[in-house]
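If you read the sequences in order, they're chains Y and V. When we follow our numbering, the leftmost residue of the first sequence carries the number 263, and every step to the right adds one. When we follow our numbering, the leftmost residue of the second sequence carries the number 263, and every step to the right adds one.
A portion of the hints provided could be inaccurate.
Since copy identity is lost for identical chains, a pair holds within one copy or between any two.
Stated by the list, open to error - List of simulated lysine to aspartate or glutamate pairs, EDC-like, C-alpha gap at most 16 Å:
{"no.": "1", "residue 1": "407", "residue 2": "822"}
{"no.": "2", "residue 1": "800", "residue 2": "812"}
{"no.": "3", "residue 1": "676", "residue 2": "689"}
{"no.": "4", "residue 1": "862", "residue 2": "485"}
{"no.": "5", "residue 1": "406", "residue 2": "825"}
Rather than coming from a laboratory, the hints here were simulated on the basis of the structure. On a predicted model such as this, the values are computed, not experimentally measured, just so you know.
Protein chains: 2
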Amino acid sequence: MGRLRFLPAGVSLLLSRGGAKRGGRGASSTLASDVNSFVTRTKTCGELRSTHVGQNVTLCGWIQYQRQEQFVILRDFQGLTQLLIPQDQASSHLKKILYDAPVESVVRVTGTVVSRPPEQANPKMPTGDIEVKVDTAEVLNLCKKLPFEVKEVSKKNEALRMQYRYLDLRSVQMQYNLRLRSQMVMRMREFLCNHHGFVDVETPTLFKKTPGGAKEFVVPSREAGKFYSLPQSPQQFKQLLMVGGLDRYFQVARCYRDEGSRPDRQPEFTQIDIEMSFVDQAGIQALVEGLLQYSWPEERGPIAIPFPSMNYDEALAMYGTDKPDTRFGMKLVEVTDIFRNVEVEFLQKSLSEPQSTVRAICIPQGMKYLQNKDLESLNELTKSQFNQGLLHFILRSDGSMKSRLDKFLNEEQKLALIRAVRANAGDVVLLSAGEHEKVCSALGKVRLESADLLEAGGLPLRDPSAFHFLWVVDFPLFLQKEENPAELESAHHPFTAPHPSDEHLLYTEPAKVRGQHYDLVLNGNEIGGGSIRIHNAKQQRFILEDILKEDTELLSHLLEALDCGAPPHGGIALGLDRLICLVVGAKSIRDVIAFPKSFKGRDLMSNAPDYVAPQELEPYHVQVAWPLTQVKVSSS
Amino acid sequence: MGRLRFLPAGVSLLLSRGGAKRGGRGASSTLASDVNSFVTRTKTCGELRSTHVGQNVTLCGWIQYQRQEQFVILRDFQGLTQLLIPQDQASSHLKKILYDAPVESVVRVTGTVVSRPPEQANPKMPTGDIEVKVDTAEVLNLCKKLPFEVKEVSKKNEALRMQYRYLDLRSVQMQYNLRLRSQMVMRMREFLCNHHGFVDVETPTLFKKTPGGAKEFVVPSREAGKFYSLPQSPQQFKQLLMVGGLDRYFQVARCYRDEGSRPDRQPEFTQIDIEMSFVDQAGIQALVEGLLQYSWPEERGPIAIPFPSMNYDEALAMYGTDKPDTRFGMKLVEVTDIFRNVEVEFLQKSLSEPQSTVRAICIPQGMKYLQNKDLESLNELTKSQFNQGLLHFILRSDGSMKSRLDKFLNEEQKLALIRAVRANAGDVVLLSAGEHEKVCSALGKVRLESADLLEAGGLPLRDPSAFHFLWVVDFPLFLQKEENPAELESAHHPFTAPHPSDEHLLYTEPAKVRGQHYDLVLNGNEIGGGSIRIHNAKQQRFILEDILKEDTELLSHLLEALDCGAPPHGGIALGLDRLICLVVGAKSIRDVIAFPKSFKGRDLMSNAPDYVAPQELEPYHVQVAWPLTQVKVSSS
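Same shape as in the complex, but just chain Y (with noise of 0.2 Å):
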């Protein structure tokens, strides 16, 4: 129903003169819109049924293949259409213009819709019950040369695709997940600003860095020395509007991040950016819930609102990650007090260490899905990657167990660990000791890497057609910094509120303080982080000077509006790229942004980034520093 709220009965019709080609709700949008609207066409290749028969329309679109001298297939963006090309004398112009084209030719023809003969309809094809005998044709451009076919596209390797971004961008794949893109971010839009009164609110990307804003991309002014800065959000902007009392603040915003070559991240990205005074942690939750569940496509099946909960703590305990992927079990079981007494040199020694743990992990059917090759190359992961080592207990047909503890272990503990992990004959167990957060953290890579490990077997595992939603909550306001554990950093950002309970520990053990900060998480994917944000100047200031030691002159406009009436507030980010690639089931989120960078920033297709002339920078007072090129700089 919510769905429909929109499109009373009838109202489809009145709008569409397309006609309905998809049903369910989450084409809605689509169903009511008039793609043949302004244009001279008068249906598109996709729409036309038994019921159009006799009908004079025009078409437009790329020849996708011609056979049998006498059918050309006609192509756009909404499906096939056969065209018929009447072999009388009196038609040959048409032959020659249609049949002799090359494929992917642009063209417009007139015609009358026809029954094709019984034998000849295809039951696959939405329109293989009919085919326009064609009466006037046009080539509109001729497709002179093409590096591949477009059908072809997807098998090409991604650099070829990236290169002729426009015609990969014909594959039924591409266009599929833009649309579905632009729509899902409408229906977001209708939940927001129309259901809900929010305030669509655009700010600067011209910005400039946040304290400790490292990964910005800077931008060169015309005052010598100064740089804007392409902002990573617009959080600071957002608080501000909450202190300007634009209380329910959305934008589809473009972010920027410089962080290198990493896969599947791009320089430039997009955020459903949302803000809200006057609100707690379970108030963004049921917005974020219910703008999900409106926005969601049909397609996809119904999602269930609210979404499960779990703090961090066990999070981390039982799936070894912030951002655990719920579509299957394989949890992480503490198991310190079977090995407690057992006798081990490199077990005693890491429950000697302080927050130490014993953890496991059972694969199921291990023995048959991993070779000795995979556990030896899971054990050199978590030892390269995490510094702990990896021992495996293989479950035999016969209930007997294998392991190089053998020997130190009696029965009674090998029974406690097999009921511990629920173990089933020909299970593996995969355990490892030491530091809490290292111990969790190998293993919750582990259980990911067995996952993809038992698929590619061909035992399924997760779902790809299911998604399951998880909020995680109740993160550590600050964490130790890595080069020196005596100081305290932010674990997402200093604009967190504590905990309201923990509020008393920020002047005793900020180190114990938990934040207000939320991430929502799909499939093990993080799409979403927000928090409710501290609005009172003196503990924002305590925080930045006294916690973590930063400047705050670069904040100073901040902490002022802070105290010039700020409303308690707090908001949202969602990364539109991941979500919409998790929806359609993209490998790449570069599958689902229309002009992607690769993944060293390059632009293949237009070749960007690119050499700019000196005198081109010179009025922004820059020039290239070459490397291995030493500069000196005298005052004249």
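Fit chain V to the given chain Y structure using the hints.
Structure of chain V alone, referenced to chain Y:
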């Protein structure tokens, strides 16, 4: 009916917990919105009426002012509500909380809606029939210091408003401007996306320099010597989307232009960017007319479509500009024939030049409203800007005419001039002679300046509540370069298609070719421009290489794309900031942008742009070239 399509009777009540606050179709989105969902208030400060008497409510807002020890006026974005502090001893803490807090402090109160005593009702205040008797009150944030009073903000100088933008945003006017902007853009999206099947596609802003693309900000990349460029528009991408078969594209696109210090321009701005395949000029125009009519705010009155159209030659000849303000007359009139035989040296000299003309405009009641100094400064203006002299004729109340040319003109000529410009007693006629375009441009400027003078004197000419849209069409495709008239440059951009009936002239007399370009003008402001594009690679290459002498290397991807089956296409871009500025009647586009830059490109609140440490520039291989500093580069 168009506006109510999405809101059938009853739906607004179903959706709205907040209740109806404003009438009219334009506010339909607001009407349907629940602005109290997900937050801790139950009502806004603008919605309580007599019908709510007896209800318990929770309000959040800012203290506007306090009076008589018992009344507190609470404000939020929707209005004002009077709070009544009970005067009994048990409520003394409430008085302490609410009455002692500084104005602009943020509070939350619960209370009961009660009727005001009849003599205290305030008919000017929408909530003036009621007040809220406070049960509980809580200060959410104290306002500690305020550089000026919020209600005084509009009177402050603009620099101060910019510095404290978060306070400026609390003003009724800024709230109205930004909320209307959001609603109007949302209506545009509904029209394009939901009604007409357009696809919202985001295009990159990290691109590369376009040929001849001066005024583009550069962004240093991590590849030494290579820069991205912030594009002035998504022009290339939207054309490539057409080649890619996304045949109805739109985007609310952020664009960048470095114009240095120009008043009422912004380094970043927003355009409604539209492109379609298989469309002609009339199709784009009909689309834009439908779009504006659909999204037009109800409170600004209806707009009639189709918009009138004028070709460029007419606009120049009658209004002396390509963006005529058609809200008032005072058109330019050709009077060449009258003066052809007048034996005055400067006239004869002017008329001997090629493409010469004599034109005049009549300033109604000029005798009353134009002082001598005004006439002098108009003359100086045309001399300095156009190198054109200005001659004035004063039409006395007795019907006689006074001018420097009195003795050179016979009665017949005088009468002919009066008749030609339809002058009445008391009017002033201003005349200029010389080259057609210069004369027209000079008088076009004089027309606007005179209108300012007449209006300053008290004669209303341009109805501020009238909206005169006008298409200007049939522009020349090329202009002679100012520095070398033998060379041609694009009047708009090199992708504009020639007028079909002029195509043959491309190869013989390109200067005579008209382009399929169209500008949309509103009250004398260009608010949009677009064209049918070239879709033929050969023609595009000829224009770029043979006519414009451009290096096509930088555009090789686009030329290649045109050869791969590019459909005929065209589009338009509407300047959103300017459009909203005109709709709300703001003085400057800065008043419809949440965080604008000053005319020098500075953010006066955060102090952007700012200095950046040299080590932060290192990864980008640039260094500051300080002016007045000599830099020696020596290879190592």
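Okay, the hints, checked on the actual structure:
1. 407 to 822: between (61 Å within a copy, 9 Å between copies)
2. 800 to 812: within (15 Å within a copy, 59 Å between copies)
3. 676 to 689: within (14 Å within a copy, 110 Å between copies)
4. 862 to 485: between (30 Å within a copy, 10 Å between copies)
5. 406 to 825: between (65 Å within a copy, 5 Å between copies)
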